[in-house]
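**Q** Residues per chain are reported as follows:
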Amino acid sequence: MIRRTSFPNIGRRSVLKGLGAAAVLAPFVPLLESEASQDVPKRLILLNGANGTVYNNWLPTGSETDFTLSPILAPLESHRDRLLVLGGMRVGSEGPGQGHGLGYATQWNGSVLQNDPLFTGMGGASGWSNGTSIDQTLAQSFGDKTAFPSLEFGVQHVSNRGMISAGPAQPIQPEDNPYAMFDRLFGDIGLSPEQLAQVRAERQSVIDVVKGDIASLDTKLGAEERYKTQAHLQGIREIEQRLTLDTTLPDSCTAPDLGDPLSIFEIVQQNDMVPVISRLQIDLMVMALACDLTRFTSLQWSRALSPWRFTWLGIPDDHHELSHSADSDAPAQAKLTQINAWYAGEVAYLLDALDAIPEGGGTMLDSSLVGWSNALAAGNIHSSYPVPYVLAGSAAGYFQTGRFIDYGDVSQNRLLVSVCNAMGLPDVVTYGDMDRGSGPLAGLV
Amino acid sequence: MSNPTFVTYAALALSLAASGGCNADDSASADAAESGSGGSDSGAESGDLPPPVECLEGGPTVGAWYLRRLTGAQLDNTVRDLLGTTSRPSDLLPQDEIVGAFYSNVSAPVTNAMVETYMDLSETLALEAVQDLSGLLPCDPDAVGEDVCAGEFVDTFGLRAYRRPLSADERDALGGAYEAGRQLGGFETGIRLVVTAALQSPYFLYHAEFGAGTAQGTVVPLGEYELASRLSYFLWNTMPDAELLTAAGDGSFADAPGALRAQAERMLDDPRASNAIRSFHLQWLGISELDGVEKDPEFFPDYTPALGAAMQRETGTFADYVIRFSDGKLSTLLTAPLSFPEGKVFNIYGIAKPAGYDGTTPIALDPAQRAGILTHPSVLTMHAQSDQTSPIRRGVLVRENILCQPLPEPPPDVNNVPPAPDANSTTRERFEQHRADPKCAACHELIDPLGFGFESYDGTGAFRQTDNGMPVDASGALTSSGDVDGDFDGATELAFRLADSDVVRGCVSKQWFRYAFGRNESLSDACSVATLDSAFAASDYNIRELLLTLVTTDAFRYRPSQEPGQ
Chain H
10 MIRRTSFPNI GRRSVLKGLG AAAVLAPFVP LLESEASQDV PKRLILLNGA
60 NGTVYNNWLP TGSETDFTLS PILAPLESHR DRLLVLGGMR VGSEGPGQGH
110 GLGYATQWNG SVLQNDPLFT GMGGASGWSN GTSIDQTLAQ SFGDKTAFPS
160 LEFGVQHVSN RGMISAGPAQ PIQPEDNPYA MFDRLFGDIG LSPEQLAQVR
210 AERQSVIDVV KGDIASLDTK LGAEERYKTQ AHLQGIREIE QRLTLDTTLP
260 DSCTAPDLGD PLSIFEIVQQ NDMVPVISRL QIDLMVMALA CDLTRFTSLQ
310 WSRALSPWRF TWLGIPDDHH ELSHSADSDA PAQAKLTQIN AWYAGEVAYL
360 LDALDAIPEG GGTMLDSSLV GWSNALAAGN IHSSYPVPYV LAGSAAGYFQ
410 TGRFIDYGDV SQNRLLVSVC NAMGLPDVVT YGDMDRGSGP LAGLV
Chain A
204 MSNPTFVTYA ALALSLAASG GCNADDSASA DAAESGSGGS DSGAESGDLP
254 PPVECLEGGP TVGAWYLRRL TGAQLDNTVR DLLGTTSRPS DLLPQDEIVG
304 AFYSNVSAPV TNAMVETYMD LSETLALEAV QDLSGLLPCD PDAVGEDVCA
354 GEFVDTFGLR AYRRPLSADE RDALGGAYEA GRQLGGFETG IRLVVTAALQ
404 SPYFLYHAEF GAGTAQGTVV PLGEYELASR LSYFLWNTMP DAELLTAAGD
454 GSFADAPGAL RAQAERMLDD PRASNAIRSF HLQWLGISEL DGVEKDPEFF
504 PDYTPALGAA MQRETGTFAD YVIRFSDGKL STLLTAPLSF PEGKVFNIYG
554 IAKPAGYDGT TPIALDPAQR AGILTHPSVL TMHAQSDQTS PIRRGVLVRE
604 NILCQPLPEP PPDVNNVPPA PDANSTTRER FEQHRADPKC AACHELIDPL
654 GFGFESYDGT GAFRQTDNGM PVDASGALTS SGDVDGDFDG ATELAFRLAD
704 SDVVRGCVSK QWFRYAFGRN ESLSDACSVA TLDSAFAASD YNIRELLLTL
754 VTTDAFRYRP SQEPGQ
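Sequences listed follow chains H and A, in order.
Read left to right, the first sequence gives residues 10 to 454 (my numbering).
Read left to right, the second sequence gives residues 204 to 769 (my numbering).
Next up, chain H with everything else stripped away, as it sits in the complex (with noise of 0.2 Å):
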């Protein structure tokens, strides 16, 4: 059912107002002054597409390294020397699904979709992702060193079928409600030193309980459903560590002064909210990766068949419904590729924010990685080829970046293994059950 009545008290501490970037952040003392870029953690922050793009007017002209953007890659221009644009990806479509729910749960994980007949994960008669998207891998491998391993953020996503997966039947779903994960992030900041130590102490005490209750009931369960108590566990384990850590936050984070919660209504229902949540949204996640709670983070806009109306643009049509005009319809192909354009312009402003944090003697955008994709290729005929991808920032100079790159015809599994070759695992030569090759992308580095 659709999320109307607000729920008390979220957002009771503090609620973020949409203010650009830089002044948001401006408060922060630069988290790791180390002049040695070595020294700075990467990012990664993978970021999803829905319904396709205009493939002619997303891709560059030009040369690799003398390239012009496109109109729907337009607003990026003033990072073109971090972009990596990629053409000719290529996106598995093998084993069961179809079309928007397939592509969408493959963007980063290049897995099938399980074939479940008791259970519509992603839509029909297919079950959930059988893969792990590549932020997940690396939170599995280096999560540990943070506060939270990984960080999903949603705009009216509002969906359980989404592209992050922990592994095979292990989605996770993005939070939607901003205030909800201020609270998650910085909740505990207003607290003085006697306040936190009590709630820490009652957390524990509660925790103790849930515990014990959760042990006796997996010793209850046939050993094909433990991997559900087994899971609840971890996630209580994972609350348990963060008790014992000296401060929530490093001391170099502030949280900003903020001002008066939204409804669930206009969080996650509102059509003509989206630009708003998708700011607030971007700015708390950029502040996450600056105060180091996390260092893989993903953010969706909407989900498979996004029925966004783009009103904010002058275009009322529902972007599924208009993804399935004909190549040859001129103006709904401009509507959609004002549309994504927006969405360019949406990650323009990531990469400012990120650009706006110095670090390890550039900007917290050099030792980042950002990877943008799409569902689909057209949407018109649910197509997985050519999907657009592109990349932002270098991972800390890992990529050379400044260059359009078309590969004619290459399997995205590449790419996944490149960016985990990237993110501090070099060792990894395939990547996902859809893999038919090896080796990461060619030309990157």
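These are calculated hints, taken from the structure and not from any lab test.
Quick reminder that beta carbons are idealized off the backbone N, C-alpha and C, glycines included.
Some clues are possibly wrong.
[Claimed, not checked] Between beta-carbon pairs, the in silico distance windows are:
#: 1; chain 1: A; residue 1: 416; chain 2: H; residue 2: 280; range: 31 to 37 Å
#: 2; chain 1: H; residue 1: 224; chain 2: A; residue 2: 289; range: 31 to 37 Å
#: 3; chain 1: A; residue 1: 557; chain 2: H; residue 2: 233; range: 53 to 59 Å
#: 4; chain 1: A; residue 1: 371; chain 2: H; residue 2: 246; range: 36 to 42 Å
#: 5; chain 1: A; residue 1: 559; chain 2: H; residue 2: 233; range: 55 to 61 Å
[To be verified] Going by beta-carbon spacing under 7 Å, a handful of chain A positions derived as facing chain H:
#: 6; residue: 399
#: 7; residue: 400
#: 8; residue: 406
#: 9; residue: 412
[To be verified] Residues of chain A placed beyond 10 Å of chain H at every Cβ, according to the derived structure:
#: 10; residue: 335
#: 11; residue: 405
#: 12; residue: 409
#: 13; residue: 449
#: 14; residue: 475
#: 15; residue: 501
#: 16; residue: 508
#: 17; residue: 535
#: 18; residue: 545
#: 19; residue: 614
#: 20; residue: 672
#: 21; residue: 676
#: 22; residue: 705
#: 23; residue: 738
#: 24; residue: 741
#: 25; residue: 755
Guided by the hints, dock chain A onto chain H, whose structure is given.
**A** Chain A alone, transformed into the frame defined by chain H:
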């Protein structure tokens, strides 16, 4: 009881899969159509086979058991009844999983973020609950002593929160939380931590059912508290009330089928049953999310999500009226020319709201235009596009949810471009390409002729006789239904045809099964399904009787036995 209709559909599905006309890669529906052997509980349609002969002679059998997490709606209702709060936890939790048409958290494990959300919710709800400490406690701490009262609270609140008496270990553990809280902040803090812990316990958040008593062959009977919980979540979508918990504790369920049916009768007569009936119908008809849908204002300037919410309420009220106050029949649900509109839904029907109408009595509708739920504005609005109707979505709804005949997904790289609203043609004319293209035709033959029958209703469910100025042609055809094939003219005639169909009756029976158990029926449930079908038929397809019978089936009373930790 053989089902020749299914053989026809199975053959069709297989041939579709083989020809690649629909997506040949999607073997799942072909598997479901094909599997008649093997005892695996793979969720194959139970209409595959007649019930095994052993059903009549052997012991009970039941399909696989899954640890199910409470749905968002169940959690909202449960905290309402447990604590008296109006806060809705589902506002902060991710969407529920979906099995077939119904919300059921049966498959994926919880995520770290969900566990944190449960923690945050429980802290907030507990804080709210202790604001009215005297209302929360079963005793007066000043009169009997704080620690004694806390112990009573742990027992009584624990019983209600865990939906069964606490074990000695659990009582000690919650008592430990009280003691820790008392030391940290006094009596109220101690009570608050008990509530906080109970709300995060997996025994609260999941439907934990392990059976009690002696195994009977491959199954074990559910315990009395487990039965009480099943009854309340099935018929009220919430935790057991005091009467159910008392009955569970005093041996009332010993004579299980009779006691269960008697409780179900009481519960169906209770207003709380309207919640579950409403919930079933919103999910079955695919209109749960209607209150979030927007329409293109150029085509439907008067439509708002609030109107969608009113349409949902109308459907829920109508279904509740038919089942609990009227004759209870499926045929009435599918064909009655009456409903319970409110507000601007009257405008959709083109009738004036009677002066002083309070929504408690049915409004008569024109039988030439309206027949039961399939012509409700809710159904017609949800299953439409933002700027036009959708024969596809309406046809799919009937095929998959009313006939229980799942369709494969569209094949890849096929031009899925619905025709643009064209001022010079009707919707039917624009969709004719489906017949022309052989890759499309095989599946769309099952969908479009059904959906065209709804063309008399626009994208917000209003009756119309012209479409872009041209006369509406609402002629359609039912094909591969098995027992009610044939042409029809308009959705009202279709509704009467479906109301007469054994395939539809079997589908409705199955859908209630799926709703009740949060899973698809399997071969091991064949006896329970047969029992349901027989009772449904014997009652002349009375849904109330179907529900009363459901709680007496093997599927309701048993779960497969297992070795713990096996």
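**Q** None of the hints should be skipped; say for each whether it holds.
**A** Going down the list of hints, with the structure as the test:
{"no.": "1", "hint": "416/A <-> 280/H: 31 to 37 Å", "in the structure": "violated, 54 Å"}
{"no.": "2", "hint": "224/H <-> 289/A: 31 to 37 Å", "in the structure": "holds, 34 Å"}
{"no.": "3", "hint": "557/A <-> 233/H: 53 to 59 Å", "in the structure": "holds, 57 Å"}
{"no.": "4", "hint": "371/A <-> 246/H: 36 to 42 Å", "in the structure": "violated, 26 Å"}
{"no.": "5", "hint": "559/A <-> 233/H: 55 to 61 Å", "in the structure": "holds, 59 Å"}
{"no.": "6", "hint": "399", "in the structure": "holds, 5 Å"}
{"no.": "7", "hint": "400", "in the structure": "holds, 4 Å"}
{"no.": "8", "hint": "406", "in the structure": "holds, 6 Å"}
{"no.": "9", "hint": "412", "in the structure": "violated, 10 Å"}
{"no.": "10", "hint": "335", "in the structure": "holds, 15 Å"}
{"no.": "11", "hint": "405", "in the structure": "violated, 5 Å"}
{"no.": "12", "hint": "409", "in the structure": "violated, 7 Å"}
{"no.": "13", "hint": "449", "in the structure": "holds, 24 Å"}
{"no.": "14", "hint": "475", "in the structure": "holds, 17 Å"}
{"no.": "15", "hint": "501", "in the structure": "violated, 7 Å"}
{"no.": "16", "hint": "508", "in the structure": "violated, 8 Å"}
{"no.": "17", "hint": "535", "in the structure": "holds, 26 Å"}
{"no.": "18", "hint": "545", "in the structure": "holds, 17 Å"}
{"no.": "19", "hint": "614", "in the structure": "violated, 7 Å"}
{"no.": "20", "hint": "672", "in the structure": "holds, 23 Å"}
{"no.": "21", "hint": "676", "in the structure": "holds, 24 Å"}
{"no.": "22", "hint": "705", "in the structure": "holds, 24 Å"}
{"no.": "23", "hint": "738", "in the structure": "holds, 26 Å"}
{"no.": "24", "hint": "741", "in the structure": "holds, 30 Å"}
{"no.": "25", "hint": "755", "in the structure": "holds, 25 Å"}
Hints 1, 4, 9, 11, 12, 15, 16 and 19 from the earlier list are contradicted by this structure; the remaining hints agree with it.
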